[in-house]
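The residues making up each chain are set out below.
There are 2 protein chains.
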Amino acid sequence: MTIFYTPDIEGEKYILSAEESRHAVQVLRLCAGDRVQLIDGRGSLYEAIVEEPSQRGCVVRVVSVEREYGKRLGYLHIAIAPTKNIDRFEWFLEKATEIGIERITPLLTDHSERKIIKDDRCEKVILAAAKQSLKAYLPDCDSLEKFDDFIKRDFGGAHRYIAHCNNDFPRREFKDCDRRECIVMIGAEGDFSPKEIDRAYQAGFTGISLGTARLRTETAGVVAAVVAGV
Amino acid sequence: MTIFYTPDIEGEKYILSAEESRHAVQVLRLCAGDRVQLIDGRGSLYEAIVEEPSQRGCVVRVVSVEREYGKRLGYLHIAIAPTKNIDRFEWFLEKATEIGIERITPLLTDHSERKIIKDDRCEKVILAAAKQSLKAYLPDCDSLEKFDDFIKRDFGGAHRYIAHCNNDFPRREFKDCDRRECIVMIGAEGDFSPKEIDRAYQAGFTGISLGTARLRTETAGVVAAVVAGV
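Going line by line, the protein sequences match chains A and B. For what it's worth, the numbering used here labels the leading residue of the first sequence as 1, then goes sequentially. For what it's worth, the numbering used here labels the leading residue of the second sequence as 1, then goes sequentially.
Bear in mind the hints are in silico, worked out from the structure with no lab data behind them. Do not take every clue at face value.
If several chains are the same, the list does not tell them apart, and a pair holds so long as it fits within one copy or across any two.
Below, simulated DSS-like cross-link-like pairs (lysine-lysine); rule was C-alpha separation at most 25 Å, straight line [unchecked claim]:
1. Lys-115 - Lys-13
2. Lys-146 - Lys-195
3. Lys-195 - Lys-124
4. Lys-84 - Lys-71
5. Lys-131 - Lys-13
6. Lys-195 - Lys-71
7. Lys-13 - Lys-152
8. Lys-84 - Lys-124
9. Lys-118 - Lys-71
Being a predicted model, the structure only gives us computed values, none of them experimental.
Use the sequences and the hints to build the structure in full.
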């Protein structure tokens with residue numbers, strides 16, 4: 001069934017955004033009475049019916065609602081250096097959303113080749129993935145943040161990990177760590193610099209390994225998302 | 001460092017294939033004395049030196065060899081229905097190779113939209129991924145096989161699993177199953193048909209779940225590869 005994003009939904013009726021209205025009426029040719037699904041990105045999944053199939057503002061009426069739909073037990077926040085090839089980073093955004101994640105922070109590191117990223121584009125990719133995999137919760141996506149600013153953040157009681165491949169620093173296997181509520185930093189191709197790893201450890205991050213395989217940045221991100229949920 | 005594929009390497013010297021010779025000399029402009037790495041796909045990683053940088057047949061001389069490089073403890077064989085969008089399937093081939101897998105069988109199922117697949121293209125994608133992630137072992141990739149033929153295969157002592165989303169059949173969480181040596185079947189979008197699931201169970205396959213998230217075929221394949229290694 002078709003899924004629409006209704007972030008600020010309240011009450012029984014909702015007018016879809018101009019973009020989604022066009023999609024609903026022009027592309028999907030939805031008619032009055034057709035059933036659709038709505039997600040608000042905050043955990044609610046709605047069953048609804050098209051009431052006025054207008055291209056300017058398609059009106060839908062809520063029939064039923066399911067709260068905390070697909071609520072996850074843990075909390076995963078991945079901070080990752082966007083790849084030079086943006087497709088690979090967007091692929092990470094899509095797959096992490098599909099597998100399950102609460103927050104993503106694009107990270108600017110010493111070895112980052114990509115130093116700019118379009119926030120709206122990231123949100124588009126995440127929303128499309130959330131619709132496709134029927135996620136009522138949308139992961140938050142921050143703007144690009146400097147490594148040193150990120151490690152200084154207050155993450156409350158969450159466990160903080162930095163995934164790297166530098167054997168000069170002690171590491172634990174991520175699968176053996178407490179992963180219920182955690183932050184995981186993933187570096188660019190070329191890994192984090194020794195100075196970054198050192199500063200992260202000093203800031204209270206624990207070094208982790210994601211296994212013996214040599215992984216690309218975006219693959220490491222997806223592997224971390226899967227292992228966090230195991 | 002540049003990596004070349006030398007499947008039938010024996011002894012100290014090797015002449016690269018026409019394609020790799022062109023790549024080495026024309027594209028990479030390698031000269032006599034340049035260091036390269038060689039993988040034979042059967043577990044050996046070689047350090048070598050370019051001796052004759054010929055475009056027709058670039059001669060390299062082995063300096064040292066490491067046997068059973070990156071040998072995995074377990075054995076994973078995934079049989080998966082190729083996706084309608086071939087990019088998504090090739091993405092699975094790339095990521096599964098990167099993460100680690102021994103064998104892949106493209107599966108023809110009741111709900112398969114794609115009924116043809118190019119073997120040589122699959123091998124190309126796997127080889128590229130193996131080079132990129134420095135894998136001395138190349139996963140085997142079979143030709144497209146019918147579901148009913150596959151479940152009748154003799155898999156020796158390996159555990160056999162079928163991942164599906166049909167709540168009418170009992171399932172176990174894959175992460176709680178014995179995954180040291182296993183076969184995992186992944187269906188097409190639209191899942192395996194109830195008849196297929198029934199026949200697989202009768203053939204001795206155990207139904208598994210890859211978690212609560214609704215996953216695309218290629219994502220399910222990658223998740224299975226990660227969980228198998230955890």
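These are the hints, each one checked on the structure:
{"no.": "1", "hint": "Lys-115 - Lys-13", "in the structure": "neither (42 Å within a copy, 44 Å between copies)"}
{"no.": "2", "hint": "Lys-146 - Lys-195", "in the structure": "within (14 Å within a copy, 53 Å between copies)"}
{"no.": "3", "hint": "Lys-195 - Lys-124", "in the structure": "neither (34 Å within a copy, 38 Å between copies)"}
{"no.": "4", "hint": "Lys-84 - Lys-71", "in the structure": "neither (33 Å within a copy, 30 Å between copies)"}
{"no.": "5", "hint": "Lys-131 - Lys-13", "in the structure": "within (20 Å within a copy, 55 Å between copies)"}
{"no.": "6", "hint": "Lys-195 - Lys-71", "in the structure": "neither (38 Å within a copy, 32 Å between copies)"}
{"no.": "7", "hint": "Lys-13 - Lys-152", "in the structure": "neither (43 Å within a copy, 54 Å between copies)"}
{"no.": "8", "hint": "Lys-84 - Lys-124", "in the structure": "both (19 Å within a copy, 23 Å between copies)"}
{"no.": "9", "hint": "Lys-118 - Lys-71", "in the structure": "neither (28 Å within a copy, 40 Å between copies)"}
Checked against the numbered hints listed earlier, the structure breaks hints 1, 3, 4, 6, 7 and 9; every other hint is satisfied.
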